[in-house]
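**Q** If you want the building blocks of each chain, they are given just below.
Number of protein chains: 2
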Amino acid sequence: MSFISPRNMILAGAMLWATQAFAAGGHADPVAPILLALIVILLTAKLAGALFERLGQPAVLGELLGGVLLGNLILLNPAWNFFEPLRASVIQQDWAVVLDSLARLGVIILLFEVGFESSVKGMMQVGASSFIVAIIGVIAPFILGYAVSWIFIKELPAQLAAMVPADFSLSYVHMFMGAVLCATSVGITARVFKDLGKLQTKEAQIILGAAVIDDVLGLIILAIVAGIISAAQAGQALALGEIVRLIVLALVFIGGTLALGHFLLPKLMAQIAKLRASGMMLLVALVLAFGLSYLANAIGLAAIIGAFAAGLILEEEHFKSFRDKFKLEDLLKPLAAVLVPIFFVLMGIQVRLETFANLSVLGVAAGITLTAIIGKQVCGLGALQKGLDRVTIGVGMIPRGEVGLIFAGIGKSLNVIDDATFSAVVIMVIVTTLVTPPVLKLTLARREKALAGG
Amino acid sequence: MSFISPRNMILAGAMLWATQAFAAGGHADPVAPILLALIVILLTAKLAGALFERLGQPAVLGELLGGVLLGNLILLNPAWNFFEPLRASVIQQDWAVVLDSLARLGVIILLFEVGFESSVKGMMQVGASSFIVAIIGVIAPFILGYAVSWIFIKELPAQLAAMVPADFSLSYVHMFMGAVLCATSVGITARVFKDLGKLQTKEAQIILGAAVIDDVLGLIILAIVAGIISAAQAGQALALGEIVRLIVLALVFIGGTLALGHFLLPKLMAQIAKLRASGMMLLVALVLAFGLSYLANAIGLAAIIGAFAAGLILEEEHFKSFRDKFKLEDLLKPLAAVLVPIFFVLMGIQVRLETFANLSVLGVAAGITLTAIIGKQVCGLGALQKGLDRVTIGVGMIPRGEVGLIFAGIGKSLNVIDDATFSAVVIMVIVTTLVTPPVLKLTLARREKALAGG
Chain A
4 MSFISPRNMI
14 LAGAMLWATQ
24 AFAAGGHADP
34 VAPILLALIV
44 ILLTAKLAGA
54 LFERLGQPAV
64 LGELLGGVLL
74 GNLILLNPAW
84 NFFEPLRASV
94 IQQDWAVVLD
104 SLARLGVIIL
114 LFEVGFESSV
124 KGMMQVGASS
134 FIVAIIGVIA
144 PFILGYAVSW
154 IFIKELPAQL
164 AAMVPADFSL
174 SYVHMFMGAV
184 LCATSVGITA
194 RVFKDLGKLQ
204 TKEAQIILGA
214 AVIDDVLGLI
224 ILAIVAGIIS
234 AAQAGQALAL
244 GEIVRLIVLA
254 LVFIGGTLAL
264 GHFLLPKLMA
274 QIAKLRASGM
284 MLLVALVLAF
294 GLSYLANAIG
304 LAAIIGAFAA
314 GLILEEEHFK
324 SFRDKFKLED
334 LLKPLAAVLV
344 PIFFVLMGIQ
354 VRLETFANLS
364 VLGVAAGITL
374 TAIIGKQVCG
384 LGALQKGLDR
394 VTIGVGMIPR
404 GEVGLIFAGI
414 GKSLNVIDDA
424 TFSAVVIMVI
434 VTTLVTPPVL
444 KLTLARREKA
454 LAGG
Chain B
4 MSFISPRNMI
14 LAGAMLWATQ
24 AFAAGGHADP
34 VAPILLALIV
44 ILLTAKLAGA
54 LFERLGQPAV
64 LGELLGGVLL
74 GNLILLNPAW
84 NFFEPLRASV
94 IQQDWAVVLD
104 SLARLGVIIL
114 LFEVGFESSV
124 KGMMQVGASS
134 FIVAIIGVIA
144 PFILGYAVSW
154 IFIKELPAQL
164 AAMVPADFSL
174 SYVHMFMGAV
184 LCATSVGITA
194 RVFKDLGKLQ
204 TKEAQIILGA
214 AVIDDVLGLI
224 ILAIVAGIIS
234 AAQAGQALAL
244 GEIVRLIVLA
254 LVFIGGTLAL
264 GHFLLPKLMA
274 QIAKLRASGM
284 MLLVALVLAF
294 GLSYLANAIG
304 LAAIIGAFAA
314 GLILEEEHFK
324 SFRDKFKLED
334 LLKPLAAVLV
344 PIFFVLMGIQ
354 VRLETFANLS
364 VLGVAAGITL
374 TAIIGKQVCG
384 LGALQKGLDR
394 VTIGVGMIPR
404 GEVGLIFAGI
414 GKSLNVIDDA
424 TFSAVVIMVI
434 VTTLVTPPVL
444 KLTLARREKA
454 LAGG
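Those sequence lines, one after another, are chains A and B.
Quick note, the first sequence lines up with residues 4 to 457 if you use my numbering.
Quick note, the second sequence lines up with residues 4 to 457 if you use my numbering.
Some hints could be false.
Identical chains blur together in the list; that is why a pair holds if it fits in one copy or across any two.
As the list claims (entries may be wrong) - Okay, derived cross-link-like pairs now, DSS-like style, lysine-lysine, Cα gap no bigger than 27 Å in a straight line:
| id | residue 1 | residue 2 |
| --- | --- | --- |
| 1 | 444 | 205 |
| 2 | 197 | 328 |
| 3 | 277 | 415 |
| 4 | 197 | 330 |
| 5 | 277 | 197 |
| 6 | 124 | 201 |
| 7 | 157 | 277 |
| 8 | 270 | 389 |
| 9 | 157 | 201 |
| 10 | 277 | 323 |
| 11 | 205 | 330 |
Think of the hints as simulated: they come from the structure by calculation, not from any bench.
Produce the complete structure using the sequences and hints provided.
**A** Given below as structure tokens:
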């Protein structure tokens, strides 16, 4: 590697310094910091991903840890704070807002791709298993989360206590902690299965279906618990109508999407093909993905649920009369190659390693992390079909990712959890996110060995 | 088109309304307005582009006019103000900042693609012509712009007069107007040639080369004029060192890029190929494009000049030992298909049709627009080779686009031009941008007919 020699690195650094030092105001373009951040993030993602693939690990683990490295450079030198704006709880600097949005578009494209590789038929075949896995995956963590909260949290958070009637029960706080542990973030798991080419396995399909149902169930539980708490804070009873409306909307969304896919999409596609315009395939696919993501978000579901649903109802054969030269999956790949790593590197960047240094927080964190992992392990037992790898299913449901963070953020804004508990939840999210790729890789390899041996 | 019937449209509208009206706060995702804007912009771009292609016009004209329509819906109904945040002089709302950045990335990808379809060798062959075309394309508009300003502007703008010594010459204002007319925005022209599959013609290559040189020359003139004016405002003489530094940096950038392409890139690519990681081609290409765009911007050139240079030095054969399944141009296409139309629709959205309603502004606007067009028409004469279509070259140099707006914005911030003159410059930019695609299409068709006839 004589080309990437220290001498050349220094030369390149000097050139970069010179251009920055002598920068004139000519066209000063707000895209400049975005370009710089994209270069660093994409290079880090590719190099770390390739390294981990060579070590036999999924590329996504490399991207996550590469991000952890970038974000925590500041611990080595306070001047290396370039990525701090990406770690703020409310992102404010323009370039950081753009990067954050690119990451969000990235995870939408990822779930759309994953949905496109699945089919409604395949999901239906494992539908019963998915449903039971999801139900267990909500009940078990809820009960365990309640229990851990009951062990560790002995009094109301000070700010909450000041706002509620004296007879406000601590059990609502425990219920909220239970709700936080219900969420499943399917992005990590889907990516690992995709990296390893295992998306078509029954286990993957069950997890994907269960994650969708989990999101709906988690949302309902969160709405109920948050509703009870806000109502108590206002001295009122819970408005049940809101929750019923939420459930109806979620069911209408899922039913409507399936009806759209079954009845309308084939006809619509035939009409669009008649336009005979070039490049329509990618446009139609993205409009469907973005549109259902938008609708899902509008009714309170995660946007990625909409993206997954869009991919699910879209089939390769819908495009048979389109005039495109390439397949849809080949057109999505370059978009995914640019956007998806941004999401995972940013998740890594947002990990604050210093949170692990607070011992009292660490105790609570260890408790809820263990709970989070055990709670989802029970899930595997819900899979009905014979010969399934129930451990893999349980492991695949572990990551809480950004969904757990969103739930915890709501809890913080309601004052149900205090800063220390919030930090513990963040550690739980980090650990469940980072352990899943290597463990999943392990259980899948073990499974393959067992199948080959049998 | 029974499927897109009024009844179905109303149903779809009602569904959208219902979801928005009943929106719960579950996962409220900041990506939602971005998704909505992307859907509207991409659909408008594709439908308007396909319509104009069917009418025998370049797709880019449809995208521009589709954008004009979207941006000016507010004139029909003040409530249709969704796109107003994209029209602010300083874009502030987060979703609008993201869309604006996507557009900027889009024009970078476009110029990178255009550069990739050109070669250093091809540019060298027409280098002398490009140089003379560029020189004439700067001198002629500068003199004409000075003359028009001399005719229309009889006294210093009030704000400027208050800031400068009493003996401050009005000729500096005329010089600034001349500088504003020098800029060539090559995005539109490059896109038209690309739409029509004519990027390989000598005319296209001459224009592209001239546009790069124009950017450098325009930048130098702007720096000199702006330097004189700021110095006069501060009661000092012009710091010549800054301008010399600018010229040296621009020459170093161009020379350095060519050296990078000739000596280092082949070796670097061979090293990267040895890593044997998948998906490296797109990464390497984008890092090069983003990196040179960043450097160009850092030394005060337009970012797109860097993107074009990156494409120019990159050759298909650099990737011969890479393990990629597709060609680079096929990988860039989906990215370009999403990002490039955003740039042109946004340019259309930013056109304020109401500026055409002010009669006194319209007079100045007509003067400088005519000047802008005639000034670049002289360029064609600078093309040396026999048998070239000199009218096409002149027409291709007409658009001022965002570069003209940036120059005018600097003038406004220096108080050299007042609001009315700024509006006139905006109209000039709009007209030169909108007339180029159809006229270029016309001259190219006439040329083809003449060649077929001869």
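**Q** Please go over all the hints and tell whether each is borne out by the structure.
**A** Now for the hints, and whether the structure bears them out:
no.	hint	in the structure
1	444 with 205	within (16 Å within a copy, 55 Å between copies)
2	197 with 328	both (24 Å within a copy, 18 Å between copies)
3	277 with 415	neither (52 Å within a copy, 50 Å between copies)
4	197 with 330	both (18 Å within a copy, 23 Å between copies)
5	277 with 197	between (34 Å within a copy, 25 Å between copies)
6	124 with 201	within (17 Å within a copy, 47 Å between copies)
7	157 with 277	neither (66 Å within a copy, 59 Å between copies)
8	270 with 389	neither (38 Å within a copy, 55 Å between copies)
9	157 with 201	neither (45 Å within a copy, 75 Å between copies)
10	277 with 323	within (12 Å within a copy, 39 Å between copies)
11	205 with 330	within (25 Å within a copy, 34 Å between copies)
When held up to the earlier numbered hints, the structure conflicts with 3, 7, 8, 9 and fits the remainder.
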